[in-house]
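Participant: Residues per chain, in single letters:
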Amino acid sequence: MKNKPLVIIGGGGHAAALLEVLLLQGRDVIAVVAPEITAGKELFKGIEHLKSDDAILNFYPSEIQLVNGIGAMPYSCLRTKIHLEFKGLSYDFATVIANSANVSANATISEGVQILSNATICIGCKIGFGTIINTSASIDHDCEIAAFCHIAPGVIMSGQVRVNESVHIGTGAKIINGIQIGKNTIIGVGANIFKTLPDSSIAYGARPFIKLEGK
Amino acid sequence: MKNKPLVIIGGGGHAAALLEVLLLQGRDVIAVVAPEITAGKELFKGIEHLKSDDAILNFYPSEIQLVNGIGAMPYSCLRTKIHLEFKGLSYDFATVIANSANVSANATISEGVQILSNATICIGCKIGFGTIINTSASIDHDCEIAAFCHIAPGVIMSGQVRVNESVHIGTGAKIINGIQIGKNTIIGVGANIFKTLPDSSIAYGARPFIKLEGK
Amino acid sequence: MKNKPLVIIGGGGHAAALLEVLLLQGRDVIAVVAPEITAGKELFKGIEHLKSDDAILNFYPSEIQLVNGIGAMPYSCLRTKIHLEFKGLSYDFATVIANSANVSANATISEGVQILSNATICIGCKIGFGTIINTSASIDHDCEIAAFCHIAPGVIMSGQVRVNESVHIGTGAKIINGIQIGKNTIIGVGANIFKTLPDSSIAYGARPFIKLEGK
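Chains as they are written, first to last, in the numbering used here: chain H, 1490 to 1704; chain G, 1490 to 1704; chain Y, 1490 to 1704.
Extracted from the complex, chain H is given alone in its bound form:
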């Protein structure tokens, strides 16, 4: 199954980062589906460019795997919508793990998970369907992260944290051990989380104090 040809959905920076990983691993990427290619143009050259999601239906679900190259942003559901729509049509999503990621052989990585450069996932972790563990994020032992989450670059999670579905943890946020994060919750850039957060809450990190020139 691992050697099925791949079709990437999305043509922005996240898609390009995934494509780079896949090409380094010798995977066969046969098409990109996106209205426009806005990043990694050199890499996408030579790969068939389809402009509408409907073009995916021309591939049999059993003959390819999809790669969800839509970036995850807070308050945006597009990435999850793509996952659910095509999963409902029996398509599978490839799991993408960068060569420089450090992933324990004793972690459980679900279908469609994307683990970017220099990210670390320790023993006993479980990462759910379609979740992104972004560049240099570090997930310590026995953490459980549910489906459709985005763990942004440089997030640090100590051991035994439990993150429910559709959570966005922003750039460089830190979470101590044993904390639970409710579903649909958003954690802002650099927030220091030391208490459990309920569903659909927002945790803002500290604002910087800005001093302008001459003031």
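Everything labelled a hint here was simulated from the structure, so no lab data went into it.
Just so you know, these numbers come straight off a predicted model, no measurement behind them.
It cannot be assumed that every hint is accurate.
Identical copies go unnamed one by one, so any copy, or any two together, can satisfy a pair.
Stated by the list, open to error - No farther apart than 27 angstroms at their CA atoms in a straight line, the calculated lysine-lysine pairs in the BS3-like style are these:
| id | residue 1 | residue 2 |
| --- | --- | --- |
| 1 | K1700 | K1672 |
| 2 | K1700 | K1684 |
| 3 | K1493 | K1570 |
| 4 | K1534 | K1493 |
| 5 | K1615 | K1534 |
| 6 | K1540 | K1576 |
Got chain H; can you put chains G and Y on it based on the hints?
Facilitator: Relative to the frame of chain H, chains G and Y by itself:
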């Protein structure tokens, strides 16, 4: 000496993370001493399980090395107590360094130090007896960290920081260059440290601002 | 050109860290120029020690490459001054990339850039002349960082950030995607940056709350 059989003290998440490193390196782990195995059960299978610390005394100090698998928590002395008690009985503690850690050949790593996955230790550093440099922590050039410290996951230390004995630096805390941290001090999750801290002080990082659903 | 002998300017901790990288890569370091060697003395042993910058003029610009080993500190121009002075005299500066750094083959790394241990630079990034990407810093896809910047240890930058000339980003600061940072701006330790910053501004991160013993 490096090839002596190993006995791990502790059966929780930290012990399991160390066991994973040691098995990958082909080390001979002959027993685990813990009231209960609570993490990494698959890995501990097949390793003799002794339930009381007294069982360690059945091994000659010259014939094994101990691995202190007790996790380090602020306000808890159990880990240090184990180190001192068995060192006093002439047992040695193995130094454990994960394969994915980046440790300078020009750093000095003491007995019993534990360096976890993706941690980085630069040129000129000195790390003291029994100290943990946890997952993805980064210790820059010429830092000196004394014995019995816990540098939690994702801590960032710039160059020439001096950390005295029994200090706990919490998840993702950051310390600028040249700072001194007094003994027994506790630094909280994500705290930004830019001034020297005296002995037995506590530095709390910024709290997040939490907005609950519908509020 | 890559195999030209190297002359390091500076004899402190940053110079020693660079020397360690270069020696591991089998580079021929023929001299260090510094009033005094204050770090990495073991490594500098056997390398000719010249005490004045003027001694550099005894080497033909075409026959060597310089390595700028002056550390970057906020409010100090010494490092940039060295770069400009010797570039004006037709000397080239070597680009130094640590073995443990993760640098995309699809990033553009200018002359004289220094990328330290465990730093990560993703697809589509452009790093300008003489800039330091320090230990464990993580620069996500499509960031552009201009000349003479210092990205301190553990800085986390999400995608498509644009950093103008001579910016200092302090230890462990975090920047969300798409932000612009004006030239000569200083970002303090651990600051959470989620808005564009104008030229010559200063962004201080949150101060910790310190509790002294017995208080």
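Participant: Compare the structure with each hint and give your call.
Facilitator: Structure-based check of all given hints:
With identical chains, the CA atoms of K1700 and K1672 are at most 27 angstroms apart between copies only, with a shortest distance of 14 angstroms across copies and 37 angstroms within one. For the homomeric pair K1700 and K1684, the shortest alpha-carbon distance between copies (13 angstroms) is at most 27 angstroms, but the shortest distance inside one copy (31 angstroms) is not. Taking the shortest alpha-carbon separations for K1493 and K1570, only the intra-copy value of 23 angstroms comes in at or below 27 angstroms, while the best inter-copy value is 55 angstroms. In this homomeric assembly, K1534 and K1493 come within 27 angstroms of each other (Cα to Cα) only inside a single copy, at 20 angstroms, whereas the closest approach across copies is 36 angstroms.
Taking the shortest alpha-carbon separations for K1615 and K1534, only the inter-copy value of 20 angstroms comes in at or below 27 angstroms, while the best intra-copy value is 36 angstroms. Taking identical chains as interchangeable, the C-alpha atoms of K1540 and K1576 lie at most 27 angstroms apart only when both belong to the same chain, with a minimum of 20 angstroms there against 48 angstroms between chains.
Hint compliance for this structure: every hint is met.
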